[in-house]
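Can you make the complete structure from the sequences, with help from the hints?
Number of protein chains: 2
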Amino acid sequence: MEKNRKIVLASRPVAWVEESNFRLEESDIPQPGVNQVLVRNHWLSLDPYMRGRMSDAKSYAAPVAIGDAMIGGTAGEVVKSNHPDFVPGDKVVGALGWQLFGVADGGALQKVDVSLIHLSAWLGPVGMPGVTAWVGLFDICAPKPGDTVVVTAASGAVGSVVGQLAKIHGARAIGIAGGADKCRYVTEELGFDACIDYKAGNLRGDLKAVAPAGIDCLFENVGGEIFDTLLTQMKPFSRIALCGLISQYNSAPWPMQNISAVLINRIKLQGFIVSDDLSRWPQALKELAGHVATGRIKFRESVADGLAAAPAALISLFKGGNFGKQLVKLV
Amino acid sequence: MEKNRKIVLASRPVAWVEESNFRLEESDIPQPGVNQVLVRNHWLSLDPYMRGRMSDAKSYAAPVAIGDAMIGGTAGEVVKSNHPDFVPGDKVVGALGWQLFGVADGGALQKVDVSLIHLSAWLGPVGMPGVTAWVGLFDICAPKPGDTVVVTAASGAVGSVVGQLAKIHGARAIGIAGGADKCRYVTEELGFDACIDYKAGNLRGDLKAVAPAGIDCLFENVGGEIFDTLLTQMKPFSRIALCGLISQYNSAPWPMQNISAVLINRIKLQGFIVSDDLSRWPQALKELAGHVATGRIKFRESVADGLAAAPAALISLFKGGNFGKQLVKLV
Chain A
48 MEKNRKIVLA SRPVAWVEES NFRLEESDIP QPGVNQVLVR NHWLSLDPYM RGRMSDAKSY
108 AAPVAIGDAM IGGTAGEVVK SNHPDFVPGD KVVGALGWQL FGVADGGALQ KVDVSLIHLS
168 AWLGPVGMPG VTAWVGLFDI CAPKPGDTVV VTAASGAVGS VVGQLAKIHG ARAIGIAGGA
228 DKCRYVTEEL GFDACIDYKA GNLRGDLKAV APAGIDCLFE NVGGEIFDTL LTQMKPFSRI
288 ALCGLISQYN SAPWPMQNIS AVLINRIKLQ GFIVSDDLSR WPQALKELAG HVATGRIKFR
348 ESVADGLAAA PAALISLFKG GNFGKQLVKL V
Chain B
48 MEKNRKIVLA SRPVAWVEES NFRLEESDIP QPGVNQVLVR NHWLSLDPYM RGRMSDAKSY
108 AAPVAIGDAM IGGTAGEVVK SNHPDFVPGD KVVGALGWQL FGVADGGALQ KVDVSLIHLS
168 AWLGPVGMPG VTAWVGLFDI CAPKPGDTVV VTAASGAVGS VVGQLAKIHG ARAIGIAGGA
228 DKCRYVTEEL GFDACIDYKA GNLRGDLKAV APAGIDCLFE NVGGEIFDTL LTQMKPFSRI
288 ALCGLISQYN SAPWPMQNIS AVLINRIKLQ GFIVSDDLSR WPQALKELAG HVATGRIKFR
348 ESVADGLAAA PAALISLFKG GNFGKQLVKL V
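These protein sequence lines are chains A and B, in that order.
Numbers in the numbering used here are just positions in the first sequence, counted from 1, shifted up by 47.
Numbers in the numbering used here are just positions in the second sequence, counted from 1, shifted up by 47.
All the pointers check out, no bait thrown in.
Given that identical chains are not distinguished, each listed pair holds provided it fits within a single copy or across any two copies.
List time: in silico PhoX-like cross-link candidates among lysine-lysine, alpha-carbon distance up to 25 Å:
1) Lys255 x Lys315
2) Lys282 x Lys255
3) Lys333 x Lys158
4) Lys376 x Lys158
5) Lys105 x Lys282
These aren't lab readings, by the way, just hints derived from the structure by calculation.
Right, here's the structure in full:
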């Protein structure tokens, strides 16, 4: 008889996440109760926010308990359904975690159409990362056509959508990424106006060369020294959507020197979490689905093969080892 | 024949402002041209923003040129008028700088009513500092009744108005000030709910004791270590009006450790300069004048005697030596 396999949190990381923080376990396949659905997960999404859930430091969401399956977004196929909206074979997106099978209430699953958009994309540009890009760009940064939008981690799941949405909106898009390959992809494939490889070591000068008048909108995913440098290049009355600080999730915070720029240039700096306002999701997903289905928004995936590969893939994500949306293929 | 006296910028400060950065000069009393007004200044306002104008570092306003009179807000009496709206004896507020007499276009002067509000108050709670408090509190912090509002430099010209406006609005007001005397004034005279003497050395613990649930609105005038500590006490979805960073105008910036709080708690942090949006001034001044005339907003002044005392008084301001609004009495 087939069994479920899942990866649980074995211990909390001290600094960098390590493989020993996880443990692979086998269990029976769960059975759906009233109004519940059993799903076979095909894809697991790996995302930076997972570092926060592995820690028990105070945060906006409760941590994963030691011994529990790691949380995570998943896309898969309905196997059994006790809910009137789902039948076996339906493709669904949910948050069933790091496991091959999962049970959820029907209301916690989203049925998706894979005729024009591949199932895995519902975890990327047409999923949480895409909506994150949409909300931060339009609700916080609010660029006008012609504005200069800068986004860090520009080849990643969120950053790649930010720049492409900015271009569709008529703004200039400048990416910051780690390495020449990622930068080439950002400009040549995604159509950004420019991309700066921060690893080349001249971020401020390179940015001044392509944006001499400064930044109107910064979509910040990285934090640390890169963010501190970008603060010096903000225009008066500019906006910063603070979406992530991946550079310091696994280490001590970078001591920020340039916060005075927020005062001098009357910057609006706003942190946000995409799940705070679910009312924005339907409009965002509708627009993103249209862009992805017609090829106006392109995306790239890094795929780890099999559940057992998930821990190493997450660790690599924190070191910039992914190139595009990081996924784990489960079947 | 009577002469004008003025204080000019002699040199730019390197770190702390020094008396040698200023020079007292005598000159002829200027004569008003077409549509201009000659004013005898009675009061000069000293304010933290003046440090920025003494420097030629890039900022939101042009620096004072070496050899030019220091800029500054003034209140005085019309001596001669070539403008139809003014006659000798009118009391006016303007920005005539560090001098006994000044000439301005009539359009750059505001005639004020001193029947219920003393002339000097038009440079304080019913002037730029009061409007700064009003704009930062209502337009950026936007507290709801019952919210906890924290303001730094709470006994100062801006901070004292912030807390009193917060109370009038139905919020809780907590001040941060330097020294037991200032704190006693803030609670006993101004009616704040609490005040913490940061010099006692236990800011975080003392704040937790009076605001265990955290801060909804922070009106930040000080910056540096105090701001960095307060960041750790912000509630989810809280707001910060960044008005000043007086702790680091004369020294290297404090390395901020806690910017991640902006993300974790989805804080809106916004820098502002009160002169950016003049459209807000009439409503603010009308409300502030009503509160001051009826005694709902109280204020305190530190008065330096005579123009020659202005440099030492400004230097003292940067060290927290003032208690309430810092003025120079010119006549």
